[in-house]
Amino acid sequence: MKNKVMIILFVVSLAFNFGVLGAIGFHWFMERQSDRCAPGGPGGPGGLGSWHKHRMEKRLGLTKEQSEAMDKNFKEFQASVEPLRTDIHKKRTELFALLQTTASYDSTVEDKVNAIALQQAEIEKKAIQNAIKTKAILTPEQQKKFNGFMGKGFKKMKKHGSRPMMPF
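Residue 1194 is where the sequence shown starts when you use the working numbering, and the numbers rise one by one after that.
Don't read these hints as lab results, they were simulated from the structure. The structure displayed is predicted, hence computed values, not measured ones. Note that the Cβ used here is the ideal one computed from N, Cα and C, for glycine as well. Relax, there's no trap hidden among the hints.
Below, in silico cross-link-like pairs of lysine to aspartate or glutamate (EDC-like), each with a Cα-Cα straight-line distance of 20 Å or less: (1) LYS1283 / GLU1317; (2) LYS1305 / ASP1280; (3) LYS1319 / GLU1275; (4) LYS1318 / ASP1280; (5) LYS1268 / GLU1315; (6) LYS1268 / GLU1250; (7) LYS1319 / ASP1264; (8) LYS1345 / GLU1334; (9) LYS1319 / ASP1280; (10) LYS1265 / GLU1250; (11) LYS1326 / GLU1250; (12) LYS1328 / GLU1258; (13) LYS1251 / GLU1334; (14) LYS1326 / ASP1264; (15) LYS1326 / GLU1258; (16) LYS1283 / ASP1304; (17) LYS1338 / ASP1264; (18) LYS1283 / GLU1315; (19) LYS1318 / GLU1269; (20) LYS1251 / ASP1264; (21) LYS1326 / GLU1275; (22) LYS1328 / GLU1250.
Have a look at the derived ranges for each label pair, beta carbon to beta carbon: (23) GLU1303 / LYS1338: 41 to 49 Å; (24) HIS1282 / LYS1246: 22 to 30 Å; (25) HIS1247 / ASN1307: 35 to 43 Å.
Construct the entire structure; sequences and hints are all you get.
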C-alpha cells in the first residue's frame, strides 16, 4: 500500500514538473519570437531579417569576400525598404482607424488599401532584385543551395499563410 502511494505521488510530481517545464519552454519560445520582430531583432528594423548571416555562411561555405558583399547587399536592401515598411505600417494604422468609423467600403478605404498594396508590391520587387544580386555573388554550386533555401521559404509561406494585415 505504501509503495502504491509513493508511485502515485511520484507520477503526479513528474507530471507537475513536466507541466512547469513546458510552460517555461513555451514562455521562452514566445519571448524569442517577439524579440525577432522588435527593433534591432532579426526581423525588426535594423535587424537581419531573412538574411541569417552565420547560418548562410556555414551552409553555403561563403568566403570572407562573399560574406562582405552579401552584407553590403542586404544592408542596402534593408535601407531601401525600411521607409516603405514604415509607411505601410502607418497606412495600416490609418486604415484600422478608418474602419472603426466607416460603415461601408468606400473610396477612402479603397484608396488606402490600394496605396498599401502598391508599396507591398514595391517591396516584393526590391526583394527579388536583392535575391538576384545575391545569387550573382555565389558560385554555381552555392546558387543551387541558395535556390533550395528560397524554395523552402516559399513552401513555409504557403503552408503557414501570409502575415495578418492589421497592426494588432
